[in-house]
Amino acid sequence: MSIDVVPVDFDDPEVVPLVEAQVREIAQLNRLDPWALGDPEHYRFPDGIFLLARINGVAAGCAGLRSSFQAHVGEVKRIWTEPRCRRMGVASAIMETLERVWAPELGFTELIISTREIAPEALALFESRDFVAAPNDPRYGFWARTLVYAKILAA
Numbered sequence: 078m079s080i081d082v083v084p085v086d087f088d089d090p091e092v093v094p095l096v097e098a099q100v101r102e103i104a105q106l107n108r109l110d111p112w113a114l115g116d117p118e119h120y121r122f123p124d125g126i127f128l129l130a131r132i133n134g135v136a137a138g139c140a141g142l143r144s145s146f147q148a149h150v151g152e153v154k155r156i157w158t159e160p161r162c163r164r165m166g167v168a169s170a171i172m173e174t175l176e177r178v179w180a181p182e183l184g185f186t187e188l189i190i191s192t193r194e195i196a197p198e199a200l201a202l203f204e205s206r207d208f209v210a211a212p213n214d215p216r217y218g219f220w221a222r223t224l225v226y227a228k229i230l231a232a
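Residues in the sequence shown are numbered from 78 upward in steps of one, following my numbering.
Errors might be hidden in some of the hints.
Restraint ranges, calculated between C-beta atoms of paired labels, are given here [said to hold, decoys possible]:
{"#": "1", "residue 1": "Ile229", "residue 2": "Gly134", "range": "18 to 24 Å"}
{"#": "2", "residue 1": "Val85", "residue 2": "Pro160", "range": "16 to 22 Å"}
{"#": "3", "residue 1": "Arg177", "residue 2": "Phe146", "range": "19 to 25 Å"}
{"#": "4", "residue 1": "Thr186", "residue 2": "Arg101", "range": "30 to 36 Å"}
{"#": "5", "residue 1": "Ser169", "residue 2": "Ala227", "range": "15 to 21 Å"}
{"#": "6", "residue 1": "Arg193", "residue 2": "Phe146", "range": "30 to 36 Å"}
{"#": "7", "residue 1": "Val93", "residue 2": "Ala232", "range": "23 to 29 Å"}
{"#": "8", "residue 1": "Glu118", "residue 2": "Glu91", "range": "28 to 34 Å"}
{"#": "9", "residue 1": "Ala211", "residue 2": "Ser79", "range": "20 to 26 Å"}
{"#": "10", "residue 1": "Ala210", "residue 2": "Ser169", "range": "32 to 38 Å"}
{"#": "11", "residue 1": "Gly134", "residue 2": "Glu187", "range": "22 to 28 Å"}
Because the hints were derived from the structure by calculation, they are not lab data.
Just so we're clear, the structure is a prediction, and the values are computed from it rather than from any experiment.
Here a beta-carbon is modelled for each residue, glycine too, at the ideal position from N, C-alpha and C.
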């Protein structure tokens with residue numbers, strides 16, 4: 078099995094179904110209507126990047142990295158793996174590429190990511206990658222159960 082992680086446009090035809098499925102899954106877990114998919118411009122270099130992971134050439138997962146409200150802090154967004162590809166290392170491969178390649182390229186020395194208590198797999202992934210609990214970002218004020226994790230990147 079080969080996992081390749083490559084930069085793509087947020088609105089790339091291979092990515093759109095993945096992001097739409099992620100939005101539906103999150104909306105179902107939160108018992109909410111799906112919200113907008115996001116602005117593709119947030120994920121265009123040099124402001125950000127969007128990655129697609131493929132297993133043996135087939136789309137398996139995705140994630141974005143964009144600027145936060147602090148210049149040196151990047152925010153990981155939209156990390157998601159196709160259900161059929163879970164527990165195969167896809168999310169770890171994406172996170173490794175974000176942390177080691179793209180965060181430094183974009184000038185980020187710290188990463189943040191948010192999730193909810195209802196996503197234990199996400200919590201386990203972040204903790205396995207040495208992310209630690211951080212104060213809830215004011216932007217998520219109406220999401221009382223939003224959990225924010227942060228990681229200082231090695232220089």
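Hint by hint, where does the structure go against what was stated? Just the numbers, ascending.
1, 6, 7, 8, 9, 10 and 11
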